[in-house]
Amino acid sequence: MSTFLQSLLIAVRALRVNKMRALLTMLGIIIGIAAVIAMVAIGAGASKMISDQISSIGSNLLLVIPGSITSGGMRTGSGSTQTLTYDDAKAIKAECPSVAEAAPTVRGSGQVVYGNQNWSTVLNGVTPEMLTVRDWPVVAGRNLSQSDVDGAAKNCLLGQTVADNLFGASDPIGKIVRIRKIPFTVVGLLARKGQSPQGQDQDDVIYLPLRTAQRKLIGSQFPDTVGAILVQAKSSEVLEKAEEEVTALLNQRHRVGPSREVDYTVRNLSEILAVAEQSSKVMSLLLGAVASISLVVGGIGIMNIMLVSVTERTREIGIRVAIGAKKRDILLQFLTEAVLLTTLGGIIGMIVGIVGAKLVASLVGWPTLVSPQTIVIAFAFSAGVGVFFGFYPARKAASLNPIEALRYE
Amino acid sequence: MGEVVALDKVAKVYAMGEERVEALKGVSFSVQKGEFVAIMGASGSGKSTCMNILGCLDVPSRGVYCLDGVNVGELSANQLAEIRNRKLGFVFQGFNLLARTTARENVELPLVYAGVPAALRRARALAALERVGLSGRENHYSNQLSGGQQQRVAIARALVNEPAIILADEPTGNLDSRTTVEIMTIFQRLNRQGITVIMVTHEPEVAAFTSRHILFRDGELLSDTPNLPKAAATDGEEAP
Numbered sequence: 001m002s003t004f005l006q007s008l009l010i011a012v013r014a015l016r017v018n019k020m021r022a023l024l025t026m027l028g029i030i031i032g033i034a035a036v037i038a039m040v041a042i043g044a045g046a047s048k049m050i051s052d053q054i055s056s057i058g059s060n061l062l063l064v065i066p067g068s069i070t071s072g073g074m075r076t077g078s079g080s081t082q083t084l085t086y087d088d089a090k091a092i093k094a095e096c097p098s099v100a101e102a103a104p105t106v107r108g109s110g111q112v113v114y115g116n117q118n119w120s121t122v123l124n125g126v127t128p129e130m131l132t133v134r135d136w137p138v139v140a141g142r143n144l145s146q147s148d149v150d151g152a153a154k155n156c157l158l159g160q161t162v163a164d165n166l167f168g169a170s171d172p173i174g175k176i177v178r179i180r181k182i183p184f185t186v187v188g189l190l191a192r193k194g195q196s197p198q199g200q201d202q203d204d205v206i207y208l209p210l211r212t213a214q215r216k217l218i219g220s221q222f223p224d225t226v227g228a229i230l231v232q233a234k235s236s237e238v239l240e241k242a243e244e245e246v247t248a249l250l251n252q253r254h255r256v257g258p259s260r261e262v263d264y265t266v267r268n269l270s271e272i273l274a275v276a277e278q279s280s281k282v283m284s285l286l287l288g289a290v291a292s293i294s295l296v297v298g299g300i301g302i303m304n305i306m307l308v309s310v311t312e313r314t315r316e317i318g319i320r321v322a323i324g325a326k327k328r329d330i331l332l333q334f335l336t337e338a339v340l341l342t343t344l345g346g347i348i349g350m351i352v353g354i355v356g357a358k359l360v361a362s363l364v365g366w367p368t369l370v371s372p373q374t375i376v377i378a379f380a381f382s383a384g385v386g387v388f389f390g391f392y393p394a395r396k397a398a399s400l401n402p403i404e405a406l407r408y409e
Numbered sequence: 001m002g003e004v005v006a007l008d009k010v011a012k013v014y015a016m017g018e019e020r021v022e023a024l025k026g027v028s029f030s031v032q033k034g035e036f037v038a039i040m041g042a043s044g045s046g047k048s049t050c051m052n053i054l055g056c057l058d059v060p061s062r063g064v065y066c067l068d069g070v071n072v073g074e075l076s077a078n079q080l081a082e083i084r085n086r087k088l089g090f091v092f093q094g095f096n097l098l099a100r101t102t103a104r105e106n107v108e109l110p111l112v113y114a115g116v117p118a119a120l121r122r123a124r125a126l127a128a129l130e131r132v133g134l135s136g137r138e139n140h141y142s143n144q145l146s147g148g149q150q151q152r153v154a155i156a157r158a159l160v161n162e163p164a165i166i167l168a169d170e171p172t173g174n175l176d177s178r179t180t181v182e183i184m185t186i187f188q189r190l191n192r193q194g195i196t197v198i199m200v201t202h203e204p205e206v207a208a209f210t211s212r213h214i215l216f217r218d219g220e221l222l223s224d225t226p227n228l229p230k231a232a233a234t235d236g237e238e239a240p
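Sequence lines, in order, name chains A and B. Taking our numbering, the leading residue of the first sequence gets 1, the next gets one more, and so forth. Taking our numbering, the leading residue of the second sequence gets 1, the next gets one more, and so forth.
In case anyone wonders, no lab produced these hints; they're calculated from the structure. For glycine and all other residues, C-beta sits at the position ideal for the given N, C-alpha and C. Misleading hints may appear alongside valid ones.
Unchecked claim - DSS-like cross-link-like pairs, simulated, lysine-lysine; straight-line CA separation at most 27 Å:
hint, chain 1, residue 1, chain 2, residue 2
1, B, K87, A, K327
2, A, K326, B, K230
3, A, K358, A, K281
As the list claims (entries may be wrong) - If you want the footprint, here are the derived chain A segments under chain B, 3+ residues with CB under 8 Å:
hint, stretch
4, 319-329
5, 400-408
To be verified - Here's a subset of chain A near chain B, in silico, CB distances under 10 Å, partners left out:
hint, residue
6, R13
7, R16
8, V17
9, R315
10, E316
Let's have the full structure, built from the sequences with the hints guiding it.
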């Protein structure tokens, strides 16, 4: 330990003698580490942004939508018909053991008016379960109740964007708004949710009781049908099991068989998440790889300067050997110097990288994420670069012939 | 008084490309403890090669070199490093102090490699500097010292580990005549204190201060004669 400390002292002194050169040599490592840290932080931030957006839909979700049917020999597109009903949703919740909730929804759009303000928005007919499934609390007022749904009450929940546009800063709870000229009482205000993965504003929405929407607003040839059923599994482990159960149940209820085709589609939303996360992981890996090339270039710079330094200090090495330094001592001395250079560069690079990442975050509005692992890895990597690229020059120093080294001018 | 150095038919052959150069052709002599020996000869006579072997910086091609009773030819590189550290002290023509390093730190260097703790190192380095008359200059950097002072620091460095022998390779080669006398006075004084000194020189005036002259020519020992050492300055006491 004391020999190590001694080498460290010698190394510090040697670097202080040539401050400018040490700094320039470190620059390669500084840039390399800063690039790695910043790139990985930006990559991780992007990855987190994507997964946040996707999970904002809700977690462990299956989406059941109507499938295509053949009508007069023509196959219609997926989702173009109305084959799912509220009863399907009730049955899924009641009969599939892996399912926690099933929330049916119908969707339309319309003009909504309050006082002298008006706004065009998405109208969703839902049941109270919808807020559970989508993990979406109300920040003021209350959720829709089952009796609102059953009695087709004229109550509604507003998304933040709608509330902002109609009410500005004032409190919307208890106020009457006109949706497609029908008066509705605002009973609750939804929390702000932000953008969907597709970039849509999820807060630009009004939730109405399902029955109300089916009867009064969203006219349809099939009055009892729903546009989609969001199914939440009890956990991510049973998500696939839930998918099988829902499929089996719907096949039975819709009498799917040789004479009747499957008229619905079940989509697993967590697959989208997995794919998106995979792609952002690949992106951060690529960014990291590109950045680590600059680290290697920096390492070669270190090796170059260390070789020059060994040549310059040949005489010093000769003196040290004559006085009783062992090969190991000389090796350790130069290796310590190289590692000191790179770790010092690594620390500065880390600071530059983190500051750079934060700067990008604040300038572009892109989130960045500096994880402790990244810092530890970057630090270990910079020390590793020092050992790897310092070893050859150090060995060259240690194997100098002392007689020639002493004679070296 | 024991034999500190014993060379028995020591030869050294260098391969210079195709050519083989025999720098030493089987030299035998021994040095007793407390002697002050001058190894003399023209350049190319083999005296430097002999010095390198004596200093354990080089090993003989043939023959046996015993230092303080140990056959050096059988030792590993690490053991040789240890011998250089503990039994030998080097003084070079070009002083060979570390640049940008204080006198005290230069003197401490052998103790660093010997693993002596810092506080003790400091005390011993200061004591060694005092022995060569450099008290009060321990914090001067080597480039702030005159040639004679630098060589005294080098002598202190050679002394600090209480070696069996001090090997001096043309220690006065870069010094003027007055400083030469100063340095030789220090060597004489150390020798009187019981330290064995072996010195390579080609100057008879310098060799005159020693008590034994070994003369090399063409890789062979030409003569080995005792010498009545010339007294330097006022006997023994501090040089001006």
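Here is what the structure says about each hint:
1. Simply put, K87 of chain B and K327 of chain A have alpha-carbon atoms about 18 Å apart, close enough for the 27 Å limit, and the pair holds.
2. About 39 Å separates the Cα atoms of K326 of chain A and K230 of chain B, which puts this hinted pair outside 27 Å; it is violated.
3. Annotation: proposed proximity of K358 of chain A to K281 of chain A holds, straight-line Cα distance about 20 Å (limit 27 Å).
4. Closer than 8 Å: that is the beta-carbon criterion, and the stretch 319-329 of chain A has 11 residues meeting it against chain B, so the requirement of 3 holds.
5. Requiring three or more residues with a Cβ within less than 8 Å of a Cβ of chain B, the coverage given for the stretch 400-408 of chain A holds, as 3 such residues are present.
6. Interface restraint check for R13 of chain A: the shortest CB-CB distance to chain B comes to about 8 Å, inside 10 Å, so the restraint holds.
7. The closest approach between the C-beta of R16 of chain A and any C-beta of chain B is roughly 9 Å, which is under the 10 Å cut-off, so the hint is satisfied.
8. Evaluation of the V17 of chain A hint against chain B yields a held restraint, the C-beta minimum of about 6 Å falling below 10 Å.
9. Hint on R315 of chain A holds. Least Cβ distance to chain B is approximately 7 Å, under the 10 Å limit.
10. Taking 10 Å as the C-beta cut-off, the interface hint given for E316 of chain A holds, the closest approach to chain B being about 6 Å.
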